[in-house]
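What follows is the residue order along each chain.
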Amino acid sequence: MKKLLTAILVLTLVLSCSVAVFAGCQPPTDYERTIVFYTSQGQSLEPITAVAIQNFEAKYPGWKVQHIRAGGYDDVKERVTQDLGAGLQPDLAYCYPDHVAAYIETGKVVNMSKYLLSTETVTGVVPGTATEESEGTPQDYTIGFTQEELDDFVSSYYDEGYARNYTGYADYGYKEDDVLTLPFVRSTELMFYNKTALDKCGLEPAKTWDELWEQCEIITDRFPTCTPLGYDSEANWFITMCAQNGWGYTSADPANHYLFNNANTRAWLEELHGYYEEGYITTQEEYGAYTSALFIQGVDKGGLVYCIGSSGGASHQSTEAFEWGITSVPVSEGETGNRVISQGPSLVMLTGGHEVTNADEKEKMTFLFIKELLEPTFQAEFSRSSGYNPVRHSVYDIDDYADFLEETDITAVAVKVASEMEERLFTSPAFNGSSLARTQVGNALLEALVGRTDAATALQTAYRNCGGK
Amino acid sequence: MAKKDNIPNDEVKNAAELDDAVVTQDAAVDADLPQESAAEAKPSAGQKIKDWFVSLWDKIKSAFVSERKNEQLALPRELVEKIPPEMLLTDVKLTKKEKVVRFLRSQSGWLFVLPAVLLMCIFTFYPIINAFVSAFKENYNATTHRFDGWGFENFKRVIMSDTGTGGASFVQCLVNTLVFTLVSVPLSTLLALLISVALNSIKPLQKAYQTVLFLPYLTNSLAMGAVFATFFTIIGTSRHVDTYGIVNIMLGWFGVEPIDWVGIGSPTWELGAITIPWAKYVVAIVYEVWSGLPFKILILFSALQSVNKQYYDAAKIDGASRSTVLWKVTAPLISPMISYLLVTGIMGGMKQYSAIVGLFGDQMGFNYDMGTMVGYIYSYIENGKTGYAFAGSVLLFIVIMIITLINTQISKKRVTY
Amino acid sequence: MKENKVTPNEMKQEQILQEKARSAEKMHAYAAANSDLNVEKELKRQRVARVIRNIISYAFLTLCAFFAFLPFYWMIISSLKTETEYRASSPTFFPTEFKWANYAAVLQQTSSSGAGFWRMLLNTLVVGIFSTSLGVIVTIVTAYALARMKFSGKNILFAIMLGTMMIPGEMFTITNYITVADLHWNDTYTVLILPFLVSIYYVYLLRNNFMQIPNSLYQAAKVDGLSDFGYLVKVMVPLTAPTLVSITLLKFIGTWNSYIWPRLVNNEEWQMITNWVTNGFSDTSGALYGGQYPLSEPLTTLRMAAVCMVSLPLFILFIFCRKYIMHGVSKSGTKG
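Chains as they are written, first to last, in the numbering used here: chain A, 1 to 469; chain B, 1 to 417; chain C, 1 to 336.
Hints are computed from structural coordinates only; laboratory data are not their basis. Do not rely on the hints blindly, as some may be mistaken.
Claimed, not checked - Which residues of chain C face chain B? A few of them, derived with a C-beta cut under 8 Å, are:
no.	residue
1	PHE72
2	THR84
3	ALA145
As the list claims (entries may be wrong) - Listed next, with one range per pair, are the computed distances between beta-carbon atoms:
no.	chain 1	residue 1	chain 2	residue 2	range
4	A	GLU277	B	VAL179	50 to 60 Å
5	C	GLN46	B	PRO258	40 to 50 Å
6	B	LEU190	C	PRO238	25 to 35 Å
Stated by the list, open to error - Think about it this way: if two alpha-carbon atoms lie no more than 25 Å apart in a straight line, the pair counts; the simulated DSS-like pairs of lysine-lysine are:
no.	chain 1	residue 1	chain 2	residue 2
7	B	LYS328	C	LYS26
8	C	LYS150	B	LYS97
9	B	LYS99	C	LYS222
10	C	LYS150	B	LYS99
11	C	LYS26	B	LYS203
12	B	LYS412	C	LYS26
13	A	LYS416	A	LYS207
14	C	LYS222	B	LYS97
15	A	LYS207	A	LYS195
16	C	LYS26	B	LYS207
The C-beta atom is built at its ideal place from N, Cα and C for all residues, glycine as well.
Modelling step: build the complete structure from the supplied sequences, incorporating the hints.
Structure (structure tokens):
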């Protein structure tokens, strides 16, 4: 009996000791002075972001930024959602509109309007003056932007952040002109083409969809094993076509969110299936990998002539096997016929994570960190490394950046072509479930394209899966 | 073995029988239950209800309190104190204090299970209770902790697949999960048994084979899912194929036409409302068997190693054939381990999720046509519809419980300790 | 402790054996009496049968081993290929050029917070050792109490424990995340050790094992004045050594390969080795392919190299444990 008791005692002791030791062996993160920032950046972009973090920490000694790479965009959303449930939300996170549509219900999304033009100052130091011995030369920093700086933002990007874009914003205490997110970087879709192959066929890059379909026959006659067109993202294709032709994809109206199941889209999918049967088209799912991999193989090895993909992924299309070119996605007829999709992460602020007592002060400091991220020099640096476009006009005036845009490197060309599309960009309404519609139309396109079912059934299935009757 | 022992000790025998019967709560209760006489005078309805409550109370009581025989036996006091309480068949006249001490001593088992029970209370029981309660909260959202009211609405919608959160259908996911589990678990257990027996019968190279067969368990499942996916994926367009994947290449050696195992063109059977993507099923089951084998071989092989050689010698002298030895001697001897593998394998198989995602991507095939029950539940968690997720888990729990009950009822007859 | 009592069960076995022996004697007598039964021929037939059986055994095992090894082999050769060769349209079964630099490149990659391979390896070792040793101890005492001891509510407790195995673990995550947040356990080792310390799968396995040990041993031990704990340590544990080693191994492998929970509750500095693998690797310095693959592009060959490296310690551990799994029982002698 004694032995038994001793054993149990020892066991309990070991357990509790290990808990104590591991809980106490390192000072826990001081969340009152640490800004937590979730991104979906890959390992390679982390050093770039670290520059902005260093700039921030040099200006405000004692403040830290914890950069957490949470995985992909969906992972960031899942993580933030779970964190909001546990009260551990980050102060700042990458976001897409549908993420914010989910976060907004918690009331933890910070209305940035109060800081945008705030003239309030925070005392920091002149960067580089703070050392071990001295506290550094004090300097005041304004929290907000000047009106001039705000006007510097590309307006179509900036407008995405208004509360009115989110269904039910008023129920959660926001006004329609409140700014909930600020754009960080942007990308759009571009058409990469194999210039060598087009020259051999005596063709110019197609400007419209009709032109493109006409060219397909000529191309396949000349290069029998090649596939003329690869569109990487099925969902983007569907959404872009809806935007170009005014067919209706989704609406912000809660009573009737899903508009994509209509006669126009049906007819278009049927048309696409015909082209697929001819062997003109492939997509990422149909091919089995990113179509950029097929593009760089060259037409003689079964490669693509046209490949439509994200401007942010331009480096994947890089090859020396043939001469390539970049142009905009083909257009449709009509007023809105030249629309191209706008993508890329925005920044959303969340308040009150980790039960901090200085939530207001933290919000201000977080906004100052956002300013570092949106600083033109940093934006230029980030754009060069990632291939995404900056969100402020003045970035293009920086000499180094202008030089970069003149380079013949595929990333530089893609950024340059994409920057010319500012007026043509569109976004879709965001609501809780908008990402579902996206997935479903992508599936419908794929299903109808390869002929797994007819277009009507595919669209009907997608509509039902979104919750429609 | 204990069941067949003829130990002249009622108490121990009773315990042994109990041991055999455990696994389900009902079975445990039954074992202690006195048989009720069938021939009884027709009682009134009120009497019936009263009897029912009395017998229910007896059942509950008997589950907690083991009755002691009330025989009187004169034993010297100092001897009684030395005999541990479990061994004592008779109640010696005891003082109240001694009775309390005796009771506390008889409960010393709780001390042994205390660490486990404490941890489970925090990290297992509490979440389960939380999930069961939340399953009845309509439109519950774990991010905002808001809900609209109480009721069965979540269950109704989950079963009808009427939740508007994507392509996952409850029935499809249930069918998928059942097929994967009921095919892959028995198949891999049988294969593991054959491999273990073969492994046990050889001498040279035994270690080498054992090591190689255990390899799949050592690697990260995520990476292995990716490797498997490349084995089966065809990359190419209708005009040009980059690669058919290794499996198709190997099947090509035997003249089999390439099959699109995991892509959009994967062949299916239509069975009423559900679609059976059989080629994808094959991939999933091959992966399940492959990844489940090492663990099962490890367990069965260590069980075989501990079987007394005498039994084999006896069977050999008897002139029994190899297969007879396997099914009539070996299998029963390691039956507790086989039962363990089947029970836990089915429980694990019904909870399958990450392997399918590794093979078929986040959408679990095309629009969840390879969805599993947990995948179905997970799709709600991702959409913030936690109420549906919890309701789905309760339903999954019920399904697993039914299968486990059937499983234990069957194996109870065949398992010998 | 040597067993010197014969249980009725073993007595029965003894009888069976004797009977068998008697019938064998009869058979031999019969064979001797009937001279047309050629003993030599019969023995030869048996020898041939044994050889055929062996051939079948080996062929079967070789086939299984081949399929078990194939994905593993693929992983190893992929880790040694160049990315270009890995992506070639027709897969090669053997690398044309061994790219050992893949391994060096993988080791060099650290995040800006400094959490690289070594930090995560340390985390994993600390968590692995603590959670395995504590977990196995808890499993042993729990399984013992459930298998041998008697206390009120035991059966109900066991039934409930088994019941928890029927609930998907994903269900626990949401609530447990909130619990550990309330306990302020984020970014510690505790949060990786305690929540998964008790595994009912292993408790159940060990309980089944304990129950196979004859009751008579327990009676004998009790008469000898051995306490429950003494009996557990001196009799039960040595007798079930192979299973215990298996459980230790499996538990350690489980910890080693965990990544979803660590990624959720801890930041990079406190994550596990598998998180490091799933992070993705690219040609950061451009040293491998001179900028052919951009920074943002994860390379599969590097990831395979990382997986191989992470699997190696487990392989060594298995080789070490194998000895005990295979010979543990034959030494301890008694078995029911």
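The hints, checked one at a time:
Interface hint status for PHE72(C): upheld, as the beta-carbon distance to the closest one in chain B is roughly 5 Å, under 8 Å. Evaluation of the THR84(C) hint against chain B yields a violated restraint, the C-beta minimum of about 14 Å exceeding 8 Å. At a threshold of 8 Å, the smallest CB-CB gap from ALA145(C) to chain B is about 4 Å, leaving the interface hint in force. Between GLU277(A) and VAL179(B) the Cβ separation comes to about 33 Å, which falls outside the hinted range of 50 to 60 Å.
Our hint of 40 to 50 Å for GLN46(C) and PRO258(B) holds, since their Cβ atoms are close to 48 Å apart. A C-beta distance of roughly 32 Å is found between LEU190(B) and PRO238(C), which places it inside the suggested range of 25 to 35 Å. With a CA separation close to 24 Å, the supplied pair LYS328(B) and LYS26(C) stays within the 25 Å bound. For the proposed pair LYS150(C) and LYS97(B), the alpha carbon gap of about 21 Å is at most 25 Å, so the pair holds.
A threshold of 25 Å between alpha carbons decides the hint, and for LYS99(B) with LYS222(C) the separation of about 21 Å falls inside it, so the pair holds. Restraint check: the Cα-Cα separation between LYS150(C) and LYS99(B) comes to about 17 Å, which is no more than 25 Å; the hinted pair holds. Pair hint LYS26(C) plus LYS203(B) does not hold up; C-alpha atoms about 32 Å apart against a cutoff of 25 Å. With a CA separation close to 38 Å, the supplied pair LYS412(B) and LYS26(C) exceeds the 25 Å bound.
At most 25 Å may separate the alpha-carbon atoms for a hinted pair to count; LYS416(A) and LYS207(A) meet this at roughly 18 Å. Of the pairs offered as hints, the one joining LYS222(C) and LYS97(B) holds, with about 24 Å between alpha carbons and a cut-off of 25 Å not exceeded. Only pairs whose Cα atoms come within 25 Å are accepted, and LYS207(A) paired with LYS195(A) is accepted, the gap being roughly 14 Å. This hinted pair does not check out: LYS26(C) and LYS207(B) have alpha carbons roughly 40 Å apart, beyond 25 Å.
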